[in-house]
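Chains as they are written, first to last, in the working numbering: chain A, 346 to 680; chain B, 46 to 225; chain C, -13 to 267.
Quick caveat, the hints were computed from the structure, so don't treat them as lab data. Here the structure is a predicted model, which means the values were calculated and not measured. Here a beta-carbon is modelled for each residue, glycine too, at the ideal position from N, C-alpha and C. Some clues are possibly wrong.
[Claimed, not checked] PhoX-like, lysine-lysine: derived pairs with alpha carbons at most 20 Å apart:
| hint | chain 1 | residue 1 | chain 2 | residue 2 |
| --- | --- | --- | --- | --- |
| 1 | A | K557 | A | K428 |
| 2 | B | K179 | C | K211 |
| 3 | B | K178 | A | K601 |
| 4 | C | K244 | C | K231 |
| 5 | A | K462 | B | K71 |
| 6 | A | K511 | C | K211 |
| 7 | B | K151 | B | K178 |
| 8 | C | K85 | C | K46 |
| 9 | A | K603 | B | K174 |
| 10 | A | K433 | A | K489 |
| 11 | A | K458 | B | K220 |
| 12 | C | K230 | B | K220 |
| 13 | A | K672 | A | K632 |
| 14 | B | K220 | A | K391 |
| 15 | B | K222 | C | K85 |
| 16 | C | K230 | C | K199 |
| 17 | A | K677 | C | K85 |
| 18 | A | K557 | A | K458 |
[Stated by the list, open to error] Simulated DEER-style distance windows between Cβ atoms:
| hint | chain 1 | residue 1 | chain 2 | residue 2 | range |
| --- | --- | --- | --- | --- | --- |
| 19 | C | M189 | B | K143 | 42 to 52 Å |
| 20 | B | Q197 | C | M189 | 46 to 56 Å |
| 21 | C | D213 | A | G643 | 39 to 49 Å |
| 22 | C | M189 | B | K164 | 44 to 54 Å |
| 23 | B | K143 | C | D213 | 38 to 48 Å |
| 24 | C | E177 | A | C364 | 55 to 65 Å |
[Stated by the list, open to error] Among chain A residues calculated to face chain C with C-beta under 8 Å, some are:
| hint | residue |
| --- | --- |
| 25 | Q647 |
| 26 | E656 |
| 27 | I678 |
Listed below, chain by chain, are the residues.
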Amino acid sequence: MRYLKLILLFFWLIQEVYCYEIKGRVMLGDRPVSGANVKVYEENYKDIIKETQTDKEGYYLLELDEGIYNLVSEFEEKGKIYKGFSGKNPFFVNESYYVGIKLLPLYRYKVQKNKTKSAIIVGTVLFNGKPLEGATAFLYLSMKDIKGMPYLYSQPTDKNGKFILKNIIPGEYFVVVRKKNNGSLFGPLEEGDYMGFFQYNPFNFEMNKTYKIVIPTFKKIQDEMPLHLKGQYKIKGIAVDEGGRPVSGVYAFAYKNKELGHERPVSISKKTGNDGVFELYLPSSGKYYIGVREFYGGTPVQGERYGLYEESFDHHIIVDKDIENIKIVVKKILQ
Amino acid sequence: MFRKWLLIFLTTFAIGLNISYACVGKTIYIGHISSLENEIIGNILSRLITERTGTSVKLKKFSNTNALFQAAVNGEIDLFMFDSNEIKTIVQTTDFEKAKTDINTKFNLVLLKPVYETKAGYNVPIIRKDTLKKFPALPRLIEKLNGNLAPQIISELTKEVDRRGIKDIVREFLKSKNLI
Amino acid sequence: MKFLIFLIFLLFPYLSFAQIPVKEIKNEEVWQGKIFIDGIVAVRNSGKLIIKEGTEVIFKTIDIDDDGIGDSELYVEGEIYVYGTENFPVIFTSDKPVKEPSQWKYVMVNHAKYAYFEHAIFESAFSGLQIHFTKGVVKNCIFRSNVDGFRFSTANIYVCNNIMTKNKHGIRYEERDSKGIIEYNHIFDNEIGIFPVTACYNMVIFQYNAIEKNGYNIKVGYEQKKDLTFKNNYFGMVFERDIKKTIYDKNHDKHLPKVNFKPFLKKNILRSRIKCLENGY
């Protein structure tokens, strides 16, 4: 029992030493905002972990333990309320970060009754106050899922920025909007893509009600941080064709389940450039099934470039440290 | 001394084991209390889902409602049935809308439409949110049981079990309702 | 003593969940005679497996993960050629004297280079044969006493003159991005003759098959959206209204799409000798 207590004390001490600096700037248009509230929520926006305010130049500074958080900023000026979400939400803190937040006007929502036994969302997506055509609204059950497959998603918004989601089972959801300039529905956001969060997330949508909501969006500016939700280990490798030449435009994936595709991948990389190099970040040690493919979401299709890690018969790799020099050969399916 | 350290090491080792199972597709786990009526209902749900969607279903038995509910919260099972009295033990209300909101917000579980409802109470399937995401068609499918799981119907089925076994009576029941 | 018992208790999960043995084939290998598979045999993408006529491939009945499905399997990502003959078929079976479904897992062809099966018998498996992301030819084979006789998705397939009988599903599929022809097969005495589960778009053509005397000849999966076409098949009946009863579609459940089976054959043309295409369509 004495030893157990010592071990527990040791782990507690380690936790206390490991915390990270998260700093950033809150902006309203081109102008930094002084006195804006910055709140740190836990993964599902239930509890506020910490709160601070921006200084005269719009900067804030927080110290956080390792974990998953959401950053939200609020500000009131001349009777108008502004709210902003970090585009990285939810993000895993395991190193010091710079996280900028753009404030957008807070839009109220309206509720009307309907005669269906479900909830309906009628939304308008805006950018710089104007309708944004071609954006898609995604409904998620949890913030954990927000970079993966949604529970439901809309048709692209029309020229008035409008979308509609019907037959929603009443319950609590996170509503997120994205528009990717390359036209694809899924996959990581690139610089210049649009995203927005419903400002009342998570929201409880009730039966027999129609919700008229507005979601303002902002453009993703930079993406220097790794595209991962959690990232304790890194696998670095190269995608090549059958002739050994690097392949661009494919991304690596990692699953925990041997039967790939039955769940969302644990991690995906950015798409490879001309050097064919990918980096996968994994949340913990263990066994992963890895490969590379061309398209996001859904079952692979004929002609899609696809490859699996071939050093084991079932394409698994055991991760207990960073791994380099993985090679994955990519071929077109059924060609 | 050696025994103590061996004990600590082995405990850590045993907890840290990560055994990977060979699967043949997605599986849904349905939990039920260990009574004949609940086992029949569990089998009805299971058979309906398997036959109509091709998804594998496994049943898990629990000794009491608390254990069953916790299993759903922990992710050990995906779907189970509760009646209004059992719901009251969890959220202290039998009002359906209130229970639905509370259970949703506190436990990430979704109450689907009741399969049986009277002024005295109701029977409702409850599903994990994660499961709902993987199987979005499930609520509509389970809804087909509405009106078919009244206590008197289940009671009739339990009388047949000794004679013909649960699997047979469940299959016949679902076929008679044109559900499979 | 108490300490020893506690030790065994801690280690028991590890002992009872031993790993499934795996054998890999990375080059060309030829099988003939009796071949026993205890665990997984994996034909890697560089491998080529040729199975000669009369070979018996016997899967040991083991269930390490205790899921009710045998764990022995043949997994192919390279090439596989099964050259049975009418008099000396290749048999894929379990090691049990009494054959029942799920005694072994499957012959799984997944992201493979090519698969060719002729005159093979698949029995007592979870799925006799599954083909995915591969071009495959399956001719003159028998699928019996399995849960799924033949199963496929996103494959280019030619399935001709086979028998699927006494399975839960004779053919089960999610078409997805498949193309192919399934013709002249006799699909009878299964719980469900053909089970299109979901994502089927009529790109795989079912024609000239005898699909009869099944619990349901065709049962549409709950998540299938598009109407399906099964023209020019024989259903063992001459009247449309009788055939409709054997097809579980919109007529049984208004949420399901429709199965279009007209025109249908009024005679079983399998009585005449069938000549399948050599290497598929």
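In ascending order, which of the hints set out earlier in this document are inconsistent with the structure?
-> 5, 9, 11, 14, 15, 17, 21 and 26
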